[in-house]
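There are 2 protein chains.
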Amino acid sequence: MKTDVLVIGGSAAAISAATTGKTFYPEKDFLVLRKEEKVMVPCGIPYIFGTLENSDQNVSPDGGLLKAGIQLIIDEAVSLDLKKKICKTAGNQEIEFDKLILATGSTPKIPGWLKGAELENAFTIPKDKIHLDQTLKKLETLQKIVVLGGGFIGVEMADELNKRDKDVTIVEILPHALNLAFDADLSIRAEEVLMQRGVKLRTNEGVKEVLGKDKVTGVLLNSGEILDADAVILSTGYQPNVALAEKAGIKINEFGSIKVNEYMRTENFDVFAVGDCAEKFSFITRTLKGIMLASTACAEGRIAGMNLYKLSVVRSFGGTIAIFCTSFGDTSFAAAGVTENLAKERGFDIVTGTFEGIDKHPGTLPDTHKQLVKLIVARDSGIILGGEIIGGPSSGELINLIGLAIENRMTVEAILTSQIGTHPLLTAPPTAYPLMKAAEIAAKKHIFG
Amino acid sequence: MKTDVLVIGGSAAAISAATTGKTFYPEKDFLVLRKEEKVMVPCGIPYIFGTLENSDQNVSPDGGLLKAGIQLIIDEAVSLDLKKKICKTAGNQEIEFDKLILATGSTPKIPGWLKGAELENAFTIPKDKIHLDQTLKKLETLQKIVVLGGGFIGVEMADELNKRDKDVTIVEILPHALNLAFDADLSIRAEEVLMQRGVKLRTNEGVKEVLGKDKVTGVLLNSGEILDADAVILSTGYQPNVALAEKAGIKINEFGSIKVNEYMRTENFDVFAVGDCAEKFSFITRTLKGIMLASTACAEGRIAGMNLYKLSVVRSFGGTIAIFCTSFGDTSFAAAGVTENLAKERGFDIVTGTFEGIDKHPGTLPDTHKQLVKLIVARDSGIILGGEIIGGPSSGELINLIGLAIENRMTVEAILTSQIGTHPLLTAPPTAYPLMKAAEIAAKKHIFG
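These protein sequence lines map, in sequence, to chains U and R.
At position 61 of the first sequence the residue is numbered 62 (our numbering), and the sequence of numbers has no breaks.
At position 339 of the second sequence the residue is numbered 340 (our numbering), and the sequence of numbers has no breaks.
Mixed in with the good hints, there may be bad ones.
You can't tell identical chains apart in this list, so a pair holds if it fits in one copy or across any two.
To be verified - Computed list of lysine-lysine pairs in DSS-like fashion (alpha-carbon distance at most 25 Å, straight line):
{"#": "1", "residue 1": "K167", "residue 2": "K445"}
{"#": "2", "residue 1": "K39", "residue 2": "K139"}
{"#": "3", "residue 1": "K445", "residue 2": "K29"}
{"#": "4", "residue 1": "K116", "residue 2": "K139"}
{"#": "5", "residue 1": "K445", "residue 2": "K311"}
{"#": "6", "residue 1": "K445", "residue 2": "K68"}
Just so you know, these hints were derived from the structure itself, not from any lab.
From a predicted model like this one, the values you see are computed outputs, not experimental measurements.
Take these sequences, add in the hints, and give me the full structure.
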């Protein structure tokens with residue numbers, strides 16, 4: 002079998018790379034090779050444990066690929082010969098290609114020192130439908146659940162399991178849940194919402210061991226305390242899937258990710274890598290990062306797709322701004338760029354502006370939420386380095402607006418001169434739009450020192 | 002009485018100018034002089050006719066001004082002596098100032114040729130609480146209502162009155178409701194939503210006369226047909242309030258607005274004008290416009306505030322992008338920049354990209370809306386000239402993102418390389434984010450012609 006462009010992988014980065022590539026090079030054949038019969042919407046996975054009825058409701062449709070004229074093969078890539086440009090599969094197919102895009106994703110990472118992670122009812126959350134269905138089934142009869150790790154997946158899993166009336170406790174070694182994404186002033190608010198909803202939190206608290214003989218019975222904390230548990234969710238991070246690339250001689254960096262340049266090209270001219278398996282560096286701090294997000298993955302996918310046959314400097318990647326958002330209860334949390342904490346740690350001279358208002362106006366309208374915006378701004382230039390939001394459902398698109406400002410190195414002055422559409426039912430009031438007020442507060446500090 | 006900066010007016014532009022000015026020049030005294038005891042949230046006015054209980058729920062709070070240390074005086078400015086820099090009021094006060102910001106707003110405009118507009122139960126919608134309360138009271142007993150003009154105010158008034166079970170018909174002379182903001186493909190959808198909700202629409206239909214002896218009894222259309230009516234809402238536009246400025250010798254342009262430059266300064270060095278009373282030109286077409294929007298007014302207010310004592314080119318106004326959004330039923334409509342129609346009419350060589358997807362993901366989640374994004378793009382450069390959205394409640398912030406792209410002359414390539422945060426409960430899916438797909442479609446046409 003032969004194709005111009007072979008994309009290995011089936012999730013966000015693969016789909017973006019294939020469809021964007023086909024748009025920009027319509028004369029080329031594109032083939033997506035993935036091992037999963039059905040692909041999970043990655044960020045939808047926690048929701049099959051609460052809001053959704055089952056994993057079938059979280060299947061990413063293949064219609065977009067097929068309508069674009071992209072071939073789809075369900076099979077597993079087992080080896081690559083980069084000289085001959087051939088991919089061999091578990092189903093004994095040989096696929097010849099001209100260009101290759103690796104979008105092989107990531108799998109859950111369990112800390113090597115953690116004893117008991119292999120016990121029955123200790124679950125990881127991979128992006129695998131069959132595995133998730135088994136976990137869902139087993140969890141039905143389990144009541145007391147300890148979630149190890151209070152990052153996004155941990156927090157979302159905890160809140161969703163809580164919706165099914167489970168007894169859920171999050172254990173997080175950092176001072177706060179969501180501590181890498183938000184400064185303490187915001188993550189404390191996230192913790193309050195979780196606790197009001199019935200999720201228990203143990204922060205500043207390390208885990209020594211998952212306890213049990215065959216099945217999980219509890220968790221031993223560093224403090225010596227034991228938490229009883231019928232099940233454990235291991236939301237302790239993910240590692241890039243690079244075995245296939247590594248075996249083929251493609252360079253892997255010190256984070257275990259496939260090394261790429263700003264066009265998402267590996268050190269092999271005809272091979273690109275995108276998404277969780279590919280190297281990430283920070284747009285702001287310029288250092289390598291282990292972050293894995295659909296926002297980054299999709300941008301990388303589009304950039305690889307556009308640069309497959311012709312490079313263009315206007316289509317390159319400047320580093321991840323780690324943009325994301327989540328929601329529990331009726332409160333949403335969103336962040337982009339660096340936190341105040343990280344900026345200071347890395348030596349940036351910054352000012353911040355924080356303003357809390359409302360997300361509709363007048364506030365007497367039904368379903369009005371509070372909306373808090375915090376901006377992290379370079380003191381000398383006024384360039385926006387980061388943003389954090391607590392608000393209602395519009396927080397998702399609002400953080401995308403802030404993200405666009407960050408990626409375009411816009412200043413608080415540029416925000417202050419911007420025209421922002423407002424409407425009673427849809428946004429904050431024009432005279433107290435929290436992003437503007439936060440920009441104003443930061444501008445004052447940036448100008449007057 | 003003496004102040005450094007006198008702001009005349011009480012609505013969005015005045016508040017923005019005063020608070021931003023005080024932030025940038027904290028050592029100066031600011032005084033806001035307005036004639037209304039209580040100020041209406043301007044874009045909230047239609048909602049007091051349906052969703053809200055009364056106009057008290059739509060009062061713009063004065064806390065922001067007062068907390069910022071800005072003095073507030075309720076009185077009416079009646080004359081200005083620009084040589085002596087003195088403002089005289091109806092209450093016989095004399096206010097000396099160093100800098101003056103005119104934010105005198107606009108009042109409803111009734112076409113001169115329209116007979117019967119003076120009849121009882123023919124209502125305009127001014128931004129005046131007392132007048133609105135009277136209108137509300139009278140409308141209680143009136144059932145059959147004809148709304149003259151299907152722009153934003155007309156459409157919002159119609160939908161709100163319909164919520165109180167009135168029999169409402171909109172008469173619009175253009176081919177579609179909201180025809181200046183949206184291309185026909187989108188405004189037809191807006192009309193469908195309105196009609197499903199029970200609002201009747203007569204488009205392509207001019208009005209000759211409001212009929213009645215003392216009170217309104219009907220409306221005579223150009224076609225000769227008569228629509229029975231107990232009341233008429235005259236949503237036929239607004240005119241700038243410039244009498245005070247004109248009398249003081251400040252230059253007025255051919256649209257009847259106060260002439261200003263990009264720092265919102267009038268031809269008099271110490272006098273600025275912002276909001277509905279100030280001259281507007283289009284960011285894209287570069288021609289004068291009569292548009293009046295809180296988004297433009299607030300940006301102008303901030304720019305005047307920042308430039309009062311020190312000009313800065315990074316704090317100047319590039320023209321209105323006419324950004325706004327509205328919502329009826331559970332569908333929102335939003336637009337920024339130029340429509341396809343206007344762009345072609347003005348001679349732009351453009352391509353467009355339109356994509357319809359969903360605003361949550363997977364689409365099985367409760368309250369998922371369709372989301373349509375249309376981009377209008379310069380064919381040669383790929384620069385985004387306009388955007389239109391139909392979607393759910395996130396449309397308001399999404400159009401602000403598109404607006405930021407337009408004001409920063411971003412290209413579709415810049416959008417395609419952007420990182421967009423997505424979340425099941427808050428946004429479209431990362432692989433089929435309608436803005437991205439629309440950019441991709443437009444990029445293909447811009448590159449391949």
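Results of checking the hints against the structure:
| no. | hint | in the structure |
| --- | --- | --- |
| 1 | K167 x K445 | neither (48 Å within a copy, 50 Å between copies) |
| 2 | K39 x K139 | within (21 Å within a copy, 61 Å between copies) |
| 3 | K445 x K29 | between (53 Å within a copy, 15 Å between copies) |
| 4 | K116 x K139 | within (21 Å within a copy, 75 Å between copies) |
| 5 | K445 x K311 | between (45 Å within a copy, 14 Å between copies) |
| 6 | K445 x K68 | between (52 Å within a copy, 16 Å between copies) |
Comparing the model with each earlier hint shows a violation of hint 1 alone; every other hint is respected.
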